[in-house]
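> What follows is each chain in one-letter form.
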Amino acid sequence: MTVTAQSAPTDTHTIPGDALLRRLTPEQIEAFGAELDEIRQRVIGRLGEEDATYIRNVVKAQRAFEVAGRALFYVPPAWPLAVAALSVSKILDNMEIGHNVMHGQYDWMGDPGLNSRMYEWDNVCPSDQWKYSHNYIHHTYTNILGKDRDIGYGILRMDEEQEWKPHYLGNPLYATLLMLGFEWGVAMHDLEFERIMAGEKTWAETKHLHAGLIRKIRNQALKDYLLFPALTGPLFPLTFAGNATANLVRNIWAFNIIFCGHFPAGVSTFSQEECEDESRGHWYYRQLLGSANITGSKLFHVMTGNLSHQIEHHLFPDLPARRYPEIAEEVREICERYGIAYNTGPLGKQLGSVARKICRFALPDKAPRFLPGFLGGGRSGEPVAETPLAA
Amino acid sequence: MSIGQSILRSRAVAALTSPHGVDRYLEQVNPMWAAHEVRARIVSVDREVDVPGHPPVATITLQPTSTWRGHRAGQHVQLGVEIDGARRTTRVFTVSSPDSRRGDRFTITLRANPDGVVSRYLVKRATPGTMVHLSEAEGDFVLPDHVPEHVLFISGGSGITPVMSMLRSLQRRTHRGRVTFVHYAQSPDHQIFAAELDEIRRSGHGIDVHLLHPELGDPALSPAWLERLVPGYRDVPTWACGPAPLIEAVQAAYDGSDALRVEYFKAPRPAASSEVGGDVSFSRSGESAPNSGASLLEQAEALGLRPEFGCRMGICFTCTSRKSEGTVRNVLTGEESSLPDEDIRICVSAPVGDCTVEL
Numbered sequence: 001m002t003v004t005a006q007s008a009p010t011d012t013h014t015i016p017g018d019a020l021l022r023r024l025t026p027e028q029i030e031a032f033g034a035e036l037d038e039i040r041q042r043v044i045g046r047l048g049e050e051d052a053t054y055i056r057n058v059v060k061a062q063r064a065f066e067v068a069g070r071a072l073f074y075v076p077p078a079w080p081l082a083v084a085a086l087s088v089s090k091i092l093d094n095m096e097i098g099h100n101v102m103h104g105q106y107d108w109m110g111d112p113g114l115n116s117r118m119y120e121w122d123n124v125c126p127s128d129q130w131k132y133s134h135n136y137i138h139h140t141y142t143n144i145l146g147k148d149r150d151i152g153y154g155i156l157r158m159d160e161e162q163e164w165k166p167h168y169l170g171n172p173l174y175a176t177l178l179m180l181g182f183e184w185g186v187a188m189h190d191l192e193f194e195r196i197m198a199g200e201k202t203w204a205e206t207k208h209l210h211a212g213l214i215r216k217i218r219n220q221a222l223k224d225y226l227l228f229p230a231l232t233g234p235l236f237p238l239t240f241a242g243n244a245t246a247n248l249v250r251n252i253w254a255f256n257i258i259f260c261g262h263f264p265a266g267v268s269t270f271s272q273e274e275c276e277d278e279s280r281g282h283w284y285y286r287q288l289l290g291s292a293n294i295t296g297s298k299l300f301h302v303m304t305g306n307l308s309h310q311i312e313h314h315l316f317p318d319l320p321a322r323r324y325p326e327i328a329e330e331v332r333e334i335c336e337r338y339g340i341a342y343n344t345g346p347l348g349k350q351l352g353s354v355a356r357k358i359c360r361f362a363l364p365d366k367a368p369r370f371l372p373g374f375l376g377g378g379r380s381g382e383p384v385a386e387t388p389l390a391a
Numbered sequence: 001m002s003i004g005q006s007i008l009r010s011r012a013v014a015a016l017t018s019p020h021g022v023d024r025y026l027e028q029v030n031p032m033w034a035a036h037e038v039r040a041r042i043v044s045v046d047r048e049v050d051v052p053g054h055p056p057v058a059t060i061t062l063q064p065t066s067t068w069r070g071h072r073a074g075q076h077v078q079l080g081v082e083i084d085g086a087r088r089t090t091r092v093f094t095v096s097s098p099d100s101r102r103g104d105r106f107t108i109t110l111r112a113n114p115d116g117v118v119s120r121y122l123v124k125r126a127t128p129g130t131m132v133h134l135s136e137a138e139g140d141f142v143l144p145d146h147v148p149e150h151v152l153f154i155s156g157g158s159g160i161t162p163v164m165s166m167l168r169s170l171q172r173r174t175h176r177g178r179v180t181f182v183h184y185a186q187s188p189d190h191q192i193f194a195a196e197l198d199e200i201r202r203s204g205h206g207i208d209v210h211l212l213h214p215e216l217g218d219p220a221l222s223p224a225w226l227e228r229l230v231p232g233y234r235d236v237p238t239w240a241c242g243p244a245p246l247i248e249a250v251q252a253a254y255d256g257s258d259a260l261r262v263e264y265f266k267a268p269r270p271a272a273s274s275e276v277g278g279d280v281s282f283s284r285s286g287e288s289a290p291n292s293g294a295s296l297l298e299q300a301e302a303l304g305l306r307p308e309f310g311c312r313m314g315i316c317f318t319c320t321s322r323k324s325e326g327t328v329r330n331v332l333t334g335e336e337s338s339l340p341d342e343d344i345r346i347c348v349s350a351p352v353g354d355c356t357v358e359l
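Taken in sequence, the protein lines are chains A and B.
At position 369 of the first sequence the residue is numbered 369 (my numbering), and the sequence of numbers has no breaks.
At position 83 of the second sequence the residue is numbered 83 (my numbering), and the sequence of numbers has no breaks.
This is chain A alone, in the form it adopts within the complex:
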């Protein structure tokens, strides 16, 4: 396997540990995979009441925040509190509950309310469409160019292997718009607008998605923009604006956390050829090289749905996310032994790195001379080192 290291000289400080990704021999990859399988096995064996109680408590908290938020709209001075409570409710619902439940992390509980096939989340994207593009496409083909549509979501240029076109000059603008309307971006993801625009796909081919999409959007809009505002009578405009703000807060938060998962500097992308007939060990290796973590407090991890442990999530997408912090210690130790870079950092640092990437790839790879250095050329030109591993 060859690994494309995106180590632009200006960004080397964001690459943790060994700046250059090392190659592993097939035997090492298999041994590495076996160690991860063992972690997985051990955690599965320990799943039980603690995990069930945890997720039920999160659900209880989410419902409480939601009811509190809806109720506080009746008290105009408490408007900011109402918005805050409803935002927290939507963030918990979408991230720690929705995202994780729909990954099948709690299917072992046999509870229909926490089952990946039944759960529907509080945003405009229908769960079945999201599960296809996320659980299947993104998690199976993580960071494989041309396969993983989460690389730039079909709108942004996030990798030097994506050919530069003049419209990518709008990269920072598109990213901002995607952030503000993130739930809509996620909902429209499966329609593959960029392929329709490019003539690779017809609108008619997306027909099977329309009914589900319209139904979900209608249900979401009905409650947030009509029924709950109407129930507050003369306070309609305030409630309407409050619900819209809560949706916006959730959009901004989710976008930022998710973009820190795969786009900070040092995260690798892969070509389709190098991932053909890949072994389980290789798949693990690719997940690790293609993801990045965010450090933070326990509360921060909960509010990110533990996606702050994107690496562990990509290694073990169907293990309850609350287990990721404990798994992370072992994964780091394994990475150290194999000399694999483990990409992590505080939110500010990872976000800065993502923002720089969004701006840098807005420009062609060979940047004109007059541009300031920090926006300079995308391609590092630095070859991937083939450092032999210490045995």
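Treat the hints as calculated values from the structure; they're not laboratory data.
Yeah, the Cβ is synthetic: ideal placement off N, Cα and C, and Gly gets one too.
A portion of the hints provided could be inaccurate.
What the hints assert, rightly or not - What follows is a list of derived Cβ distance ranges for each label pair: (1) Gly199(A) to Asp140(B): 53 to 61 Å; (2) Asn113(B) to Glu330(A): 34 to 42 Å; (3) Ala195(B) to Thr53(A): 39 to 47 Å; (4) Ala302(B) to Glu50(A): 38 to 46 Å.
Dock chain B against the given chain A, drawing on the hints supplied.
Relative to chain A, chain B alone:
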């Protein structure tokens, strides 16, 4: 239905509680509040049979939520319990109390099957106050509204429960016709509902109770014996429930007669660990083939089926399908599971012995 129930089940409330539904909120306040789901609180657990060295039998009284629509004698219910507060496991149990109406208390009577996690939990560990999850009553092994003049009940072991529910209902409906009640048990000590049956026998009322213990020398079921007990039995409306050998004997004795209705339950049949053989069947398409040992997804595809799939490595759950019978091994973990009606990821499940999947 009360006004409160009508409001909770209204479209307006559904729209306000979308996408989760009103029950997801009500349950946070009180587990006995529900608008759609059916749950019940265990009121009491009473031992019916407790022979040392044998699995005990208990009757469990349940107070269902107001969403329970009632049952007809002979019907069963799916009951799910959360073992150790985490894994909900659901099994089917027959209601043993007479016909019930909306929200009425009812009972189930069950033996603590040594291999049954749910029945063992209910009989040995459940305490009053425990919440369980229910389906509505199901099944068409029921008494008709107009009960024939003469009915015959044949049951064995814990198969007595549906016919006991029928017998109790007939008594409550003050049925005036003739009832012949035949039950097979291991010994008098193993007799479920012994005291109640004894009382029924002594009170007369046209109910003929025959409690038989073939292991202690009583006659086994045969056409000749049945003919002596109930002349022309093949034309007498009959309900039979019990273990497979008894049901097979009854079916042979009735020789295809329309008068016979039978009921027996599926039980998990664990296979020996290293066994690969057996047949794999896909019930919806009607395809089957000898088990090759490959994953169920691959075996289905080899037969020309096109089940939905995604990652093919057990992470995306796209291929989840229902296995109705048989044992499968998770190829990632080596874990085997023999539960009937279980959802499995067919891309990482390989059958061990006979296996049926709803595809």
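> All hints, please: hold or fail.
Cross-check of the supplied hints:
no.: 1; hint: Gly199(A) to Asp140(B): 53 to 61 Å; verdict: 57 Å, holds
no.: 2; hint: Asn113(B) to Glu330(A): 34 to 42 Å; verdict: 40 Å, holds
no.: 3; hint: Ala195(B) to Thr53(A): 39 to 47 Å; verdict: 42 Å, holds
no.: 4; hint: Ala302(B) to Glu50(A): 38 to 46 Å; verdict: 41 Å, holds
Checked against the numbered hints listed earlier, the structure breaks none of them; every hint is satisfied.
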